[in-house]
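A.B. asks: Just so you know, the protein sequences line up as chains A and B, in that order.
Heads up: take any position in the first sequence, counting from 1, add 393, and you land on my numbering.
Heads up: take any position in the second sequence, counting from 1, add 393, and you land on my numbering.
Any given hint could turn out to be false.
Note that identical chains are pooled: a pair holds if it fits in a single copy or bridges any two copies.
In silico BS3-like pairs for lysine-lysine, Cα to Cα no more than 27 Å straight-line [stated by the list, open to error]:
no., residue 1, residue 2
1, K450, K440
2, K470, K729
3, K527, K407
4, K506, K491
5, K574, K450
6, K506, K470
The hints are simulated quantities; they were obtained by calculation from the structure and are not laboratory data.
Number of protein chains: 2
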Amino acid sequence: MGKKLTSREEDYSKWYNELVVKADLAENSGVRGCMVIKPYGFAIWEKMQAGLDKMFKETGHENAYFPLFIPKSYLSKEASHVEGFAKECAVVTHYRLKNAEDGSGIVVDEDAKLEEELIVRPTSETIIWDTYRKWIQSYRDLPLLINQWANVVRWEMRTRLFLRTAEFLWQEGHTAHATEKEAVEEADMIMHLYADFAENHMAVPVIKGTKTESERFAGAVETYCIEALMQDGKALQAGTSHFLGQNFAKAFDVKFANKEGKQDYVWATSWGVSTRLMGALIMTHSDDNGLVLPPKLAPIQVVIVPIYKGEEQLNAITEKVNPLVKELRSKGISVKFDNRDTHKPGFKFNEYELKGVPVRLAIGQRDLENDTFEVARRDTLEKETVAAEAIIEKITSLLEDIQTNIYSKAKTHQQSHITNVETYEEFKKVLEEKGGFVAAHWDGTIETEDKIKTETKASIRCIPIDVIEEEGKCMVTGKPSSFRVLFAKAY
Amino acid sequence: MGKKLTSREEDYSKWYNELVVKADLAENSGVRGCMVIKPYGFAIWEKMQAGLDKMFKETGHENAYFPLFIPKSYLSKEASHVEGFAKECAVVTHYRLKNAEDGSGIVVDEDAKLEEELIVRPTSETIIWDTYRKWIQSYRDLPLLINQWANVVRWEMRTRLFLRTAEFLWQEGHTAHATEKEAVEEADMIMHLYADFAENHMAVPVIKGTKTESERFAGAVETYCIEALMQDGKALQAGTSHFLGQNFAKAFDVKFANKEGKQDYVWATSWGVSTRLMGALIMTHSDDNGLVLPPKLAPIQVVIVPIYKGEEQLNAITEKVNPLVKELRSKGISVKFDNRDTHKPGFKFNEYELKGVPVRLAIGQRDLENDTFEVARRDTLEKETVAAEAIIEKITSLLEDIQTNIYSKAKTHQQSHITNVETYEEFKKVLEEKGGFVAAHWDGTIETEDKIKTETKASIRCIPIDVIEEEGKCMVTGKPSSFRVLFAKAY
Chain A
394 MGKKLTSREE DYSKWYNELV VKADLAENSG VRGCMVIKPY GFAIWEKMQA
444 GLDKMFKETG HENAYFPLFI PKSYLSKEAS HVEGFAKECA VVTHYRLKNA
494 EDGSGIVVDE DAKLEEELIV RPTSETIIWD TYRKWIQSYR DLPLLINQWA
544 NVVRWEMRTR LFLRTAEFLW QEGHTAHATE KEAVEEADMI MHLYADFAEN
594 HMAVPVIKGT KTESERFAGA VETYCIEALM QDGKALQAGT SHFLGQNFAK
644 AFDVKFANKE GKQDYVWATS WGVSTRLMGA LIMTHSDDNG LVLPPKLAPI
694 QVVIVPIYKG EEQLNAITEK VNPLVKELRS KGISVKFDNR DTHKPGFKFN
744 EYELKGVPVR LAIGQRDLEN DTFEVARRDT LEKETVAAEA IIEKITSLLE
794 DIQTNIYSKA KTHQQSHITN VETYEEFKKV LEEKGGFVAA HWDGTIETED
844 KIKTETKASI RCIPIDVIEE EGKCMVTGKP SSFRVLFAKA Y
Chain B
394 MGKKLTSREE DYSKWYNELV VKADLAENSG VRGCMVIKPY GFAIWEKMQA
444 GLDKMFKETG HENAYFPLFI PKSYLSKEAS HVEGFAKECA VVTHYRLKNA
494 EDGSGIVVDE DAKLEEELIV RPTSETIIWD TYRKWIQSYR DLPLLINQWA
544 NVVRWEMRTR LFLRTAEFLW QEGHTAHATE KEAVEEADMI MHLYADFAEN
594 HMAVPVIKGT KTESERFAGA VETYCIEALM QDGKALQAGT SHFLGQNFAK
644 AFDVKFANKE GKQDYVWATS WGVSTRLMGA LIMTHSDDNG LVLPPKLAPI
694 QVVIVPIYKG EEQLNAITEK VNPLVKELRS KGISVKFDNR DTHKPGFKFN
744 EYELKGVPVR LAIGQRDLEN DTFEVARRDT LEKETVAAEA IIEKITSLLE
794 DIQTNIYSKA KTHQQSHITN VETYEEFKKV LEEKGGFVAA HWDGTIETED
844 KIKTETKASI RCIPIDVIEE EGKCMVTGKP SSFRVLFAKA Y
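Just chain A, same shape as in the assembly:
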């Protein structure tokens, strides 16, 4: 296992980076900015995918797959969209390599230059709306509710595992509607779906809201978002859902005949969450001993470690453990019996603590004699001895408890880190000393927003959907404001 993790207190950022690698979640690859998602990390992502995919399908969405490449000219069709993505994209210019004539190795074959460059998709609105033009003729073809699971590339200069990588995995929903109202409702519904997933599967409390103009997606009329709060007081945007108006329909000429037979442009939404959620999950719950995983997403929910000397004791333990494993599995609980003889129990305890396995059972000679198990829960690190006859019930209730408990803990942290301030001085002080979300009045201008961001590195995370009307004055300019917005430093 190597030496202990750096503590959060000591260096939060270093703690995160070490944890991701040591817990076998992901690592950097030989390709700048691109990560390798290791099997244990990918197993968590697969559980997230399965949960989200089920929710998408239950709300009427279907999966499809669109090309990886986007012709350069497509990207340019929606003005603010190209502005947002052109500066950080991978460009394919050739389709062949060849042996260098001077024998120096393999080089790009200049005879195989593409007529038009292809961009590796940073997001798929353009290629999808180019396709939707062929699929939509009449109101009968609407709504079109489609999602795709895909890899995308944005050429970020400073990358961090899961949080910001050049290539990442995500899902992107792209829907088409006959009316503005329907499209707005879809974008809003998805924000709530994302919040539901974050809170009830990931145990990550989030604030739902809308973005200010300058924080909106490139090409959106309105961006809905969910914002989570990490243990270091920084916010993390965990998912966004965009009402795109008719921008892409106009850019790609997607019209439909409405019920009255009149031609109109289609209304659109797009929405996505990515492997960035892994970063949110890790930073919300984990501690100085390693990962803490919500039972609903843990690849291994229960691990059983035998403590034994010699084959005979191991056999006796195995005989007792096997029916338990079988019963737990029949209840849909994923369980691992780690009977490796190459590692000692103490090593195994550390390993599963580091990997965030929610419940750990240990069984040794004394437990055999007393017909008991030692049960440890990962979130609080508490241990107790439980009679064998009560063990199934104990495990079942513990898994529920842990799911609830880590959510409550994160919720308490979030609630105690939303601070109302009245002055800019106070604002800066809270940001500096406490962090978290700071609720303040703002005059609604991009200029003031920019000034605050430049001076404090805090951005407006969102205008919460449950914002309360309240007369006030912008903390910077003193101009009138009728509600508070949430600022924070963010990942």
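Assemble chain B onto chain A, guided by the hints.
C.D. replies: Just chain B now, kept in the frame of chain A:
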């Protein structure tokens, strides 16, 4: 729906292309050679993925994710590998676009040229073995059994939906082992797993075998394959599993300490199936009316079409259908009640025939009176009237029947299209007049294999694993041969 499909008799190739588009499986995109997989087609692919993924996990494999991009220098490290893939790859050379100085639009920013070009993965051996070097130190780290679901790109000049596209979806397994024996066993086991999937899920009979040297994967020591036979008598390679020896371990310097503490190179396999399987599925079972799908992979297994005049009749039908739908779903059968009032029953019948829904129920006034349903099976197009009380049992047994029947039909076709020939004249005649697999003696040389391919377009599909020793003479050169190999024209 448009007009009828071109028949197979008339133009098999056109029939296939039309069917793929009309049955809403896939279509060409605005990007050369890249397809859009439409929701109905993707739903079939998702079922394939789920089936295979379960089989991989049951045999001890885990999923992970490796980068999309491969540095040019990685590709060059294994000599035959680069030879195989350099001629058809997408090359990323820049990481930014900019506004042209002359205002002519968006152009590649020459200041953002990559120091080393990146290749969009055509397959991931190189990037994965570069990673495995860090993961493998000792025999305790082995075997490493990893799979990834991913998109890959091979710049094919002539493309066809599903069968050959520039971008396609696949899974690629990459395993590392301590001994040659173990690696060979893994490659062989996967070939059997693929055959099991093809036959028992897709209802596509296959021949298992090994490839000749010239047909092997670029970098493999041995390639195991499964070969299917399409209705037009052409073969289709449906999956391959490669024993890679120590080639990639040597190229990427991946050594491990064995039990005796000595350093040795790791033994490798890789294996994959792709969206090409969709092509095999379509061409094996479908007919001039459209798709025929095996119940195990059909997104909709049962469709119910009401035949009614007026709201009252529809209500009576709905009342009878609802509990049936519920009961079928509780049995895990996917069912659609198509009560759209925008289309007539005849239109719906054609649509579900085109889309290959295995079982169709119709219910009208007379059925209401007699307490019956009309049941039609897609494979044989037979119809019968079934009493409501027997309908669940009927549907359940029909779904099993159809799965079995389409397999048997395909198996009969395959068996009747394996022809033994003794002379080259006979060989050409069979190829021309009958098609299918032709079993012939061959002298084992690449020269003869090439000559046959050039002259007849038939390649050696495989040396079947159950090949029988038999003294004979090469049909071309007359040199001695001790078993027959299978030739065919192939997709």
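A.B. asks: Could you run down the list of hints and mark each one as holding or not?
C.D. replies: Cross-check of the supplied hints:
Taking the closest pair of Cα atoms, K450 and K440 come within 27 Å of each other both inside a single copy (15 Å) and across two copies (14 Å). Taking the closest pair of Cα atoms, K470 and K729 never come within 27 Å of each other, the shortest separation being 53 Å inside a single copy and 39 Å across copies. In the homo-oligomer, the alpha carbons of K527 and K407 lie at most 27 Å apart only across protomers (21 Å), although the nearest pairing inside one protomer, at 50 Å, exceeds that limit. Proximity of K506 and K491 under a CA criterion of 27 Å is satisfied in both settings, with 13 Å inside one chain copy and 19 Å between copies.
Proximity of K574 to K450 under the C-alpha cut-off of 27 Å is restricted to the intra-copy arrangement: shortest distance 22 Å within a copy versus 45 Å between copies. Proximity of K506 to K470 under the C-alpha cut-off of 27 Å is found in both arrangements, the shortest distances being 23 Å within a copy and 24 Å between copies.
The structure fails to meet hint 2 from the earlier list, while all remaining hints are met.
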